[in-house]
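Trainee: Line by line, the protein sequences are chains A and B. Each residue of the first sequence is one higher than the last, beginning at 170 in my numbering. Each residue of the second sequence is one higher than the last, beginning at 70 in my numbering.
Hint data in this document are derived by calculation from the structure and do not stem from the laboratory. Hints may contain errors.
[Said to hold, decoys possible] Label pairs and their in silico Cβ distance ranges:
1) 232/A with 145/B: 45 to 55 Å
2) 356/A with 204/B: 40 to 50 Å
3) 175/A with 87/B: 58 to 68 Å
4) 264/A with 90/B: 24 to 34 Å
5) 271/B with 427/A: 21 to 31 Å
6) 89/B with 356/A: 30 to 40 Å
7) 188/B with 276/A: 32 to 42 Å
8) 243/A with 262/B: 20 to 30 Å
9) 259/A with 288/B: 31 to 41 Å
10) 317/B with 348/A: 41 to 51 Å
11) 89/B with 259/A: 56 to 66 Å
12) 257/B with 261/A: 51 to 61 Å
[Stated by the list, open to error] If you want the footprint, here are the derived chain B segments under chain A, 3+ residues with CB under 8 Å:
13) 76 to 87
14) 178 to 187
15) 226 to 239
[What the hints assert, rightly or not] Quick look at which bits of chain A chain B covers, simulated, 3 or more residues with Cβ under 8 Å:
16) 327 to 338
17) 343 to 356
Keep in mind the model is a prediction, meaning the values are calculated, not measured. Glycine included, every Cβ here is placed at the ideal spot set by N, Cα and C.
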Amino acid sequence: MATGSARKGLLVATLSTLVVAAFVAYTIGSSPAWPEVQKAFFNGRYFSTSLPAVAEAFTINVRLFILAELLILPIGLLIALARSITTPALAPIRIFATIFVDFFRGVPSILIIYVLGFGVPALQLDGVPKEPFFWALVTLVLIYSAYVSEVYRAGIESIHPSQERAARALGLTRVQALRYVVVPQAMRRVIPPLLNDFIGLQKDTALVSILGVVETFKQAQILKAASFNFTPLMTTALIFLIITIPMTRLVDRLAAKDRNAQLGGTR
Amino acid sequence: MATVKSAPVLALKGLKKRYSGKLVLDGISLSLAEHEVVCLIGASGSGKSTLLRCADLLEPIDAGQISLEGERVAFEDRNADATRRKLGIVFQGFNLFPHLTVLENVALAPRVALSLTQVAAERRAKELLRSLGLAEKAREYPDRLSGGQQQRVAIARALATEPKVLLLDEITSALDPVLVAEVLETLRSLALSGMTMLIATHEMAFAADVADRICYLEDGRLIEEGTPQKMFGAPRDPRTKEFLRRVRSISAPGTTRPVGTRAKRTVRAKR
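Generate the whole structure from the sequences, applying the supplied hints.
Mentor: Now the structure itself:
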């Protein structure tokens, strides 16, 4: 009976989805200018000609977000730990970390990319790299370290204080208690929201196109300008979706697993 | 009383502790000689748990002093972590580390706080677990164990730094009656082995059986102390009498065996 009602539910869901999709398709397709729009945005010929170049440029995005993620994981944790410092003498570190997070979370990413990417190289300091890719990486790492540090901090604070007290009672120092007891437990809870932030990061790699890095979005813009057709941009969108949708599903599954574990397990 | 000569292992003098203005400990003085077992009794909120947490340097005190083996120690000390290694505490809620196996729970402090090698720390942990009858649980995670087993692991963990004194904070209160027995049995054999212990408990029969001295606390004050015979047989203070009367009225008949069960404890007369 249970499987029967499940099958019925699936059937209803499929039908209603099809009806809505058909309605949307009809509404758009029957609009007077649809043939023009279709030609400008969803042109099969331009899709197949733009795909190789746009896909190749996407490898720049991949390099960018993989490098950035590898740097963000430890930096974000360090910032989160800096914000949990209680020793009065080390207060400057905590205050600096707080300002850092407030600033990079509070200013639009595109502004930070502009200012850092164009401003710092313009200082013409010796030994400061000028390559746009380098500055693209730096800005993404700074912005997303701020976000990820908050994720870590929430994870650390979700561990009950009795855990730290038990560790301290055994004679562990505060740092040891964090290192061996609190942080390892926090890590598990932090994975889904962390991946969520990484999805945002992967999309935001397109922003660095303003620095002149020829990544996938920039490449699509170049093709668009050459052909007066928007289809290359749609190609890029499709490539982003191929990466981000599986990741979104993974996050959902991990989060659901986490929830079950917390409901089923003891503390 | 016969052990005037030996200096106390743990001495608390005039402890005062406030929580947001309210006096929770109001000048408590108490000392434990080596091998001595002292039970703290009293209603919830009388200050037993706070006293243990302050004695373990887990919380600062507002007045008074704490000495361990004749040396003054305090929460604010730079080497308070080292002092905590010489004190073991077991909590009511076990507080085991859920991400570590039983063996890792017990071996963590020896490895990290005492800087033993991994091998030495695990050897010590295994010995402790075996002595507490938990050897076959070493590879399990805490959530696979019964409450009684978890609490015995917590005792093993507290013993792993070889503390001079073991503090126990109502460690059977979160257990069902069947599991209480196994944990109390563990404490009884620790007492027989000569462990110095300060035990906050609601188990009057157990306290009568295992304690050298009973202390009755009320409103953060030490009202009366004495041998179990005296405290359960002929308490002097009216407040102690009233507390014990109320405890007896709610506990099932036969669970309070105040005196006369101490013959077997002569084994411990090594001081």
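Trainee: Now tell me, hint by hint, if it's right for this structure.
Mentor: Now for the hints, and whether the structure bears them out:
1. 232/A with 145/B: 45 to 55 Å: For residue 145/B against residue 232/A, whose Cβ atoms are near 51 Å apart, the range 45 to 55 Å holds.
2. 356/A with 204/B: 40 to 50 Å: violated (30 Å)
3. 175/A with 87/B: 58 to 68 Å: holds (59 Å)
4. 264/A with 90/B: 24 to 34 Å: Hint holds: Cβ distance 30 Å, inside 24 to 34 Å.
5. 271/B with 427/A: 21 to 31 Å: violated (37 Å)
6. 89/B with 356/A: 30 to 40 Å: Between residue 89/B and residue 356/A, where Cβ atoms are some 34 Å apart, the hint holds.
7. 188/B with 276/A: 32 to 42 Å: Given range 32 to 42 Å: violated, Cβ gap about 52 Å.
8. 243/A with 262/B: 20 to 30 Å: violated (47 Å)
9. 259/A with 288/B: 31 to 41 Å: holds (39 Å)
10. 317/B with 348/A: 41 to 51 Å: Holds, since residue 317/B and residue 348/A (Cβ atoms, about 49 Å apart) stay within the stated range.
11. 89/B with 259/A: 56 to 66 Å: violated (27 Å)
12. 257/B with 261/A: 51 to 61 Å: holds (53 Å)
13. 76 to 87: violated (count 0)
14. 178 to 187: holds (count 4)
15. 226 to 239: holds (count 4)
16. 327 to 338: Coverage by chain B holds for the segment 327 to 338 of chain A (7 residues, Cβ < 8 Å).
17. 343 to 356: holds (count 5)
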